[in-house]
Amino acid sequence: MFRNNYDNDSVTFSPQGRIFQVEYAQEAVKQGSVVVGVVSKTHAVLAAIKRNAEELSSYQKKIIPIDSHYGIALAGLASDARVLSNFMKQQSLASRLTYDRAIPLSEITTRIADRAQTNTQQYGRRPYGVGLLIAGVDAKGPHLFEFQPSGVTQEMVACGIGARSQMARTYLERNLDEFDDASREELIKHALRALKESLSQDKELTIDNTSIGVGGVNENFKLYEGQEIAGWLETTFESRESAPEGGEGMEVDS
Amino acid sequence: MNHLPQAWGRPRDDVYGAYDSSHLQTSGPNQHTQSPVVTGTSVVAVKFKDGVVIAADNLASYGSLARFTDVKRLRRFNSQVVVGFGGDVSDMQYLDRLLNSLDIRENYSSASDSPLHAKNLHTYLSKVMYKRRSDFNPLWNHLLVAGLDGEQKPFLASADLLGTTFASSTLATGFGAHLAQPILRRTVPDEDSVQKVTKEQAVELVKECMKVLFYRDARSMDKYSIAVVTKEGVDLKEDEKLEKQSWAFAEGIRGYGTQIN
Numbered sequence: 001m002f003r004n005n006y007d008n009d010s011v012t013f014s015p016q017g018r019i020f021q022v023e024y025a026q027e028a029v030k031q032g033s034v035v036v037g038v039v040s041k042t043h044a045v046l047a048a049i050k051r052n053a054e055e056l057s058s059y060q061k062k063i064i065p066i067d068s069h070y071g072i073a074l075a076g077l078a079s080d081a082r083v084l085s086n087f088m089k090q091q092s093l094a095s096r097l098t099y100d101r102a103i104p105l106s107e108i109t110t111r112i113a114d115r116a117q118t119n120t121q122q123y124g125r126r127p128y129g130v131g132l133l134i135a136g137v138d139a140k141g142p143h144l145f146e147f148q149p150s151g152v153t154q155e156m157v158a159c160g161i162g163a164r165s166q167m168a169r170t171y172l173e174r175n176l177d178e179f180d181d182a183s184r185e186e187l188i189k190h191a192l193r194a195l196k197e198s199l200s201q202d203k204e205l206t207i208d209n210t211s212i213g214v215g216g217v218n219e220n221f222k223l224y225e226g227q228e229i230a231g232w233l234e235t236t237f238e239s240r241e242s243a244p245e246g247g248e249g250m251e252v253d254s
Numbered sequence: 001m002n003h004l005p006q007a008w009g010r011p012r013d014d015v016y017g018a019y020d021s022s023h024l025q026t027s028g029p030n031q032h033t034q035s036p037v038v039t040g041t042s043v044v045a046v047k048f049k050d051g052v053v054i055a056a057d058n059l060a061s062y063g064s065l066a067r068f069t070d071v072k073r074l075r076r077f078n079s080q081v082v083v084g085f086g087g088d089v090s091d092m093q094y095l096d097r098l099l100n101s102l103d104i105r106e107n108y109s110s111a112s113d114s115p116l117h118a119k120n121l122h123t124y125l126s127k128v129m130y131k132r133r134s135d136f137n138p139l140w141n142h143l144l145v146a147g148l149d150g151e152q153k154p155f156l157a158s159a160d161l162l163g164t165t166f167a168s169s170t171l172a173t174g175f176g177a178h179l180a181q182p183i184l185r186r187t188v189p190d191e192d193s194v195q196k197v198t199k200e201q202a203v204e205l206v207k208e209c210m211k212v213l214f215y216r217d218a219r220s221m222d223k224y225s226i227a228v229v230t231k232e233g234v235d236l237k238e239d240e241k242l243e244k245q246s247w248a249f250a251e252g253i254r255g256y257g258t259q260i261n
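So the protein lines, in turn, are chains A and B.
With UniProt numbering, letter number 129 in the first sequence gets 129, and the count goes up by one each step, no holes.
With UniProt numbering, letter number 214 in the second sequence gets 214, and the count goes up by one each step, no holes.
These are computed hints drawn from the structure, not numbers from a lab.
Be careful, since some hints might not be right.
[Said to hold, decoys possible] Computed footprint of chain A on chain B; a stretch qualifies when at least three of its residues, placed anywhere within it, have a C-beta under 8 Å from a C-beta of chain A: (1) 113-120; (2) 123-132.
[Unchecked claim] To give an idea of the chain A side of the interface with chain B (calculated C-beta under 8 Å), a few residues: (3) R3; (4) T98; (5) D100; (6) R101; (7) P104; (8) S106; (9) E107; (10) T110; (11) A139.
[As the list claims (entries may be wrong)] Derived pair list, reagent style SDA-like, types lysine to any residue, alpha-carbon separation capped at 25 Å: (12) K140(A) / I104(B); (13) K140(A) / N107(B); (14) K131(B) / L93(A); (15) K127(B) / Q91(A); (16) K153(B) / N86(A); (17) K231(B) / A139(A); (18) K127(B) / Q152(B); (19) K153(B) / N218(A); (20) K131(B) / S92(A); (21) K153(B) / A102(A); (22) K127(B) / A102(A); (23) K140(A) / E197(A); (24) K140(A) / G233(B); (25) K140(A) / D149(B); (26) K89(A) / K231(B); (27) K222(A) / E151(B); (28) K153(B) / A139(A); (29) K140(A) / R76(B); (30) K131(B) / L97(A); (31) K41(A) / S114(B); (32) K140(A) / T230(B); (33) K153(B) / V217(A); (34) K127(B) / L93(A); (35) K127(B) / N86(A); (36) K140(A) / K153(B); (37) K140(A) / D50(B); (38) K127(B) / Q90(A); (39) K89(A) / S114(B); (40) K89(A) / R115(A).
For every residue, glycine included, the Cβ atom is placed at its ideal position computed from N, Cα and C.
Just chain A, same shape as in the assembly (with noise of 0.2 Å):
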């Protein structure tokens, strides 16, 4: 009776002006797991909570390195992001071979965009219903954006996307002035607590369902999953109530 007209299709507006596949579009970013990323003078730091569909299966991947001195995090539609990561990849090893250069952040970042943006505008395709945040070095230095289905990107100093991720975006803002000049360990830490903001209340950060990507200055962008960031979530929460699980992670029979 009252059914939407104009979301048939990503190249119709509405008659206020608004293409509502794209908006849909944007809604899946929304529905996947928070992802939160945050950059200093010197480091870029991605963090991430992974999902799994059931106690059964593995976690899905949040995180991933495209080449030695960038990755990505998504939130949304995995498989629209393995999509765009492999086109990604693809166009980063074409400018080291062509030009023995690491491709700069905000070149690959435009290249994606608009990608992003000719589907929103073609009949009979759909938008990606994938958000990233790109984040490494390149010769100008670290950087962050973010892209969203849309085809919009921005530079950011701190970001973070996926369900609740509001509350994450709230920490960044509050603690915005210690980035810059924050180390390479207290990156990961704000990160950490970003993360831990839009956790919801029966929740926790732990060793299986947390993925942090670090790239720096003179250092490669590397994954951390698993036991490897142990370390980082036992020091982040030590004031915590009580957090002996945080360090060893699974759960085990007494």
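Position chain B relative to chain A; hints supplied.
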């Protein structure tokens, strides 16, 4: 017979009658460059402690004819790099247009705050050269790329028509590879000695090489271009003249040419 080029090498109409153009094939196998036509000779370059000096004369020869005497064979790229071209001049002009479009693309792209440096450009040009030789349609050039690399250190490397690359503290193409290279190596025998060479010494050295090349290379000329690339940018002079020539040595040469005794 008339003076028009399209009649050259054709049977004369007044002797054999009008040419039956049905003999001319309109289609046939694709033909690629088999040899260079209008050519530039040596390019000479040497690194010094703060940058690179590169030079090439302004002559484009048509075989042994000194056909064009104002051809600039050094090309500046984005105020940080100089490319020197030896070999076919039309292929040089093609590469020039290619570099122009690359420069424009780079300036419009979001990456323009970190411009391509000499190493980037050399990698790119070597890929272009190798692609073309792999198509059996080579660009008949020998290029020298001079500038600074990503760490602002002097960079000098070559790429030839086969896509072969070579980097050294002294480089010369064409005749200069035989005549100038040994002279350059007297002053700069290895990478370490680059640190001891000043800009003035390097410029003098390259000018000396250009002079020796003019003495002995019959496809060379006494007007040349010279460029100095440093952190401050490119200082390119395109209308230099060889100075202090001395042909006294020519008297002593025996064994060819017109001689009295």
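Status of each hint after checking the structure:
no. : hint              : in the structure
1   : 113-120           : holds (count 5)
2   : 123-132           : holds (count 3)
3   : R3                : violated, 41 Å
4   : T98               : holds, 5 Å
5   : D100              : holds, 4 Å
6   : R101              : holds, 5 Å
7   : P104              : holds, 4 Å
8   : S106              : holds, 4 Å
9   : E107              : holds, 4 Å
10  : T110              : holds, 5 Å
11  : A139              : holds, 4 Å
12  : K140(A) / I104(B) : holds, 20 Å
13  : K140(A) / N107(B) : holds, 16 Å
14  : K131(B) / L93(A)  : holds, 17 Å
15  : K127(B) / Q91(A)  : holds, 16 Å
16  : K153(B) / N86(A)  : violated, 34 Å
17  : K231(B) / A139(A) : holds, 17 Å
18  : K127(B) / Q152(B) : holds, 23 Å
19  : K153(B) / N218(A) : holds, 18 Å
20  : K131(B) / S92(A)  : holds, 20 Å
21  : K153(B) / A102(A) : holds, 18 Å
22  : K127(B) / A102(A) : holds, 17 Å
23  : K140(A) / E197(A) : violated, 31 Å
24  : K140(A) / G233(B) : holds, 20 Å
25  : K140(A) / D149(B) : holds, 15 Å
26  : K89(A) / K231(B)  : violated, 33 Å
27  : K222(A) / E151(B) : holds, 24 Å
28  : K153(B) / A139(A) : holds, 15 Å
29  : K140(A) / R76(B)  : holds, 24 Å
30  : K131(B) / L97(A)  : holds, 13 Å
31  : K41(A) / S114(B)  : holds, 17 Å
32  : K140(A) / T230(B) : holds, 21 Å
33  : K153(B) / V217(A) : holds, 19 Å
34  : K127(B) / L93(A)  : holds, 14 Å
35  : K127(B) / N86(A)  : holds, 23 Å
36  : K140(A) / K153(B) : holds, 18 Å
37  : K140(A) / D50(B)  : holds, 23 Å
38  : K127(B) / Q90(A)  : holds, 17 Å
39  : K89(A) / S114(B)  : holds, 20 Å
40  : K89(A) / R115(A)  : holds, 15 Å
When each numbered hint is compared with the structure, violations occur for hints 3, 16, 23, 26.
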